[in-house]
Amino acid sequence: MGVSTDADFAEYAAARWPTLLRSAVFLGCTPAEAEDLAQTTLLRCYASWRKVARAEHRDAYVSRVLLNAFRESRRRRWWGERPAGDDLPDVAVADGTDLVAETESVRRALAGLSTAHREVVVLRYYLQLSERETADALRIPPGTVKSRHSHALRHLAAALQPSPEET
Amino acid sequence: MDERLHGHENPDESPDVLAAVDRRLDPLVPTGPAPVTDLLARGRARRTRRRGLQAGLAAAVAVAVAAVGSAVVADGRSTATPPVATQTPTAPDGLRTVGLDGLVVDVPADWVVRSDCGMPELDSLSFGPPEASACEGPGVTLTTSVQFPDVAYAEGAGPEYQHGLEVRRLDPCDPDGDGADACAALEPSVTFDFPDVNRDLTRPGQSVAARGPDREEIASSARPVPDGYTVVPDVVGLGLDEAKQTMTDAGLDVPHTEPNWIVGTTDPAAGSVVPVGTFVDLPPRQIGAVTPVPDGYQLVDFSGVAVAIPDTWTNCPMVATLSTGPGWGPREVRGCDGDATISLDFYLDAEFEAAPVTEQSGIRLQVVPGCPARWTGSCDDATHLSVRVVDQGMTVRIASPSADVRETALASIRAAD
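Residue numbers (the working numbering), protein chains in the order written: chain C, 1 to 167; chain X, 168 to 584.
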């Protein structure tokens with residue numbers, strides 16, 4: 001792989017790193033798992049960088065790699081053996097009350113959303129694929145993309161509403 | 168919170184909700200720059216493994232390798248006459264040695280490359296009996312993987328080694344778990360991972376997944392590429408320039424050919440283990456030598472396969488065929504539940520196993536007339552057919568009362584750009 005290709009990859013990796021991490025967290029990864037998933041995704045892309053660079057929509061290709069890596073990681077046996085406590089990240093904050101409450105609310109909101117719905121949101125929102133590209137990447141009809149996306153939005157909107165006792 | 172959100176293309180779809188979610192995710196998302204230097208180092212290490220292995224792991228190879236007199240190697244190139252491609256490392260009678268990028272295994276001598284059984288985004292090669300058209304039954308898949316579990320060894324026990332390489336066995340059947348007997352009876356694939364095939368990698372590496380009655384024997388024959396040998400990469404379908412570069416990177420010699428063609432086959436085939444410097448022929452296949460699309464039809468494509476549908480048809484959701492890809496039908500018919508549908512599917516039905524293979528527009532097809540077994544709607548055998556596109560691993564479902572539509576669609580199937 002030539003120097004210019006490496007530079008191209010490096011530029012892409014640096015630019016997309018935050019988005020890949022955020023996508024992974026949205027999918028349900030802990031911070032450490034998110035870093036692993038983002039690295040795995042980029043390494044796989046590097047291995048086929050000429051193919052990735054040639055792709056009509058590079059982000060669409062990379063998103064497929066990300067989802068495949070994510071699904072593989074969830075299929076592996078050792079996922080099932082982790083105590084639930086591992087999923088709770090240690091979040092250091094100065095005055096944590098409000099922030100922890102907000103974070104907890106979003107965690108609860110995401111926990112009520114299926115992986116299929118999260119995947120649609122990640123592709124549409126974080127990776128900014130079109131409905132058609134999302135449908136292709138997930139191998140589902142565009143209508144299903146639309147319905148999952150709107151269901152996810154409704155669910156998240158409802159879940160983030162403050163409860164009566166909080167208001 | 169950054170420019171991603173401002174660039175969102177669907178402001179009508181309640182981005183405020185997602186922006187609120189995104190903001191609250193901030194404490195959970197790791198910060199810091201991308202480890203680009205590390206990624207490049209690990210990526211390059213994988214790329215150069217095939218050459219680095221021959222020098223770096225020669226001392227660790229426990230198998231005796233017959234010296235090949237004509238292959239005098241200097242700087243990765245042969246200084247003698249091109250070695251004969253049939254000279255392969257020692258393999259027991261009835262077996263031959265095949266490999267992928269640094270690792271080789273012994274398989275039955277008649278096994279061939281199965282081009283559609285690997286994982287598209289990984290470097291992988293599958294081998295199986297020539298009569299098997301699907302990826303079921305006996306076979307072996309070599310995969311370069313970058314994700315690997317951390318293994319904790321029991322106290323007093325260390326890693327196991329095979330042919331000088333640390334090996335980690337991933338068995339899908341937990342011997343102490345429920346249903347272990349039933350799981351073993353299914354003969355699922357057993358996977359051997361080799362974490363130190365490339366010592367530069369903190370996350371290895373290389374794995375062999377074997378299935379069938381000889382799976383243990385095949386998997387346990389996995390070993391590094393012998394010194395002085397290399398593995399023919401899979402370049403079928405690549406442009407000639409890229410294929411030649413890939414071959415040269417692997418230490419192989421290639422012919423002078425014209426650009427703008429793609430590689431049809433290679434001789435010797437992908438996965439063959441040959442002396443460094445071996446001449447590999449790349450018979451090209453011209454791009455574009457395909458049936459023209461007639462007036463009144465348009466080409467649609469998905470996942471590497473294109474097919475012609477009537478101009479008046481439009482995309483529709485798949486229901487009746489449970490297709491895993493997109494479908495198209497007449498505009499006036501709601502959905503794809505009507506009798507006229509063309510769809511693309513990842514599912515490969517068992518009925519293709521016995522179907523003859525034909526070639527068209529530079530790709531290989533298997534045509535099975537009649538209703539697919541998985542069709543759940545009304546169906547007439549006379550108006551349906553399924554076409555497996557062998558190299559792309561896709562199925563095209565064609566249903567139409569019009570013989571013209573069926574014949575045009577079938578004749579138009581081609582590899583997509």
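Hints were generated in silico from the structure; no laboratory data involved.
Heads up, a few of these hints could be off.
[To be verified] Below, a list of computed lysine to any residue pairs in the SDA-like style, where the Cα atoms sit at most 25 Å apart:
1. C:LYS51 <-> C:TYR61
2. C:LYS51 <-> X:PRO450
3. C:LYS146 <-> X:PRO450
4. C:LYS51 <-> C:ALA14
5. C:LYS51 <-> X:THR479
6. C:LYS146 <-> C:ARG108
7. C:LYS51 <-> X:ALA186
8. C:LYS146 <-> X:THR479
9. C:LYS51 <-> X:LEU405
10. C:LYS146 <-> X:ASP189
11. C:LYS51 <-> X:SER470
12. C:LYS146 <-> X:TYR514
13. C:LYS51 <-> C:ALA32
14. C:LYS51 <-> X:ASP189
15. C:LYS51 <-> X:ALA437
16. C:LYS146 <-> C:ASP59
[Stated by the list, open to error] To spell it out: a stretch of chain C is covered by chain X in this simulated footprint if at least three of its residues, at any positions, have a beta carbon under 8 Å from a beta carbon of chain X; those stretches are:
17. 20-28
18. 142-156
Computed from a predicted structure; not experimentally measured.
Here a beta-carbon is modelled for each residue, glycine too, at the ideal position from N, C-alpha and C.
Outcome of the hint check:
Under the criterion of a C-alpha separation no larger than 25 Å, the hint pairing LYS51 of chain C with TYR61 of chain C is consistent with the structure, at around 9 Å. For the hint pairing LYS51 of chain C with PRO450 of chain X, the CA-to-CA distance comes to about 22 Å; that is within 25 Å, so the pair holds. Of the supplied pair hints, the one linking LYS146 of chain C and PRO450 of chain X is violated, its CA atoms being roughly 46 Å apart against a limit of 25 Å. Between the alpha carbons of LYS51 of chain C and ALA14 of chain C the distance comes to roughly 19 Å, so the proposed pair stays at or under 25 Å and holds.
Simply put, LYS51 of chain C and THR479 of chain X have alpha-carbon atoms about 33 Å apart, too far for the 25 Å limit, and the pair is violated. Distance restraint check for LYS146 of chain C and ARG108 of chain C: the Cα-Cα separation of roughly 23 Å lies within the 25 Å cut-off, and the hinted pair is therefore satisfied. At roughly 33 Å between alpha-carbon atoms, LYS51 of chain C and ALA186 of chain X are farther apart than 25 Å, so this suggested pair is violated. Taking the CA atoms of LYS146 of chain C and THR479 of chain X, the gap is about 24 Å. The hint holds against a cut of 25 Å.
Of the pairs offered as hints, the one joining LYS51 of chain C and LEU405 of chain X holds, with about 10 Å between alpha carbons and a cut-off of 25 Å not exceeded. Taking the CA atoms of LYS146 of chain C and ASP189 of chain X, the gap is near 20 Å; set against the 25 Å cutoff, the hint holds. Restraint check for LYS51 of chain C and SER470 of chain X: satisfied, since their Cα atoms lie roughly 14 Å apart, inside the 25 Å limit. A threshold of 25 Å between alpha carbons decides the hint, and for LYS146 of chain C with TYR514 of chain X the separation of about 24 Å falls inside it, so the pair holds.
Taking the CA atoms of LYS51 of chain C and ALA32 of chain C, the gap is about 28 Å. The hint is violated against a cut of 25 Å. Annotation: proposed proximity of LYS51 of chain C to ASP189 of chain X is violated, straight-line Cα distance about 31 Å (limit 25 Å). The suggested pairing of LYS51 of chain C with ALA437 of chain X holds, with an alpha-carbon distance near 19 Å, which does not exceed 25 Å. A hinted pair counts as satisfied when its Cα atoms are at most 25 Å apart, and LYS146 of chain C with ASP59 of chain C qualifies at roughly 20 Å.
With 4 residues having a beta carbon nearer than 8 Å to a beta carbon of chain X, the stretch 20-28 of chain C meets the requirement of three or more and the stated coverage holds. Figure legend: the stretch 142-156 of chain C, annotated as covered by chain X; annotation consistent (7 residues with Cβ-Cβ distances under 8 Å, at least 3 required).
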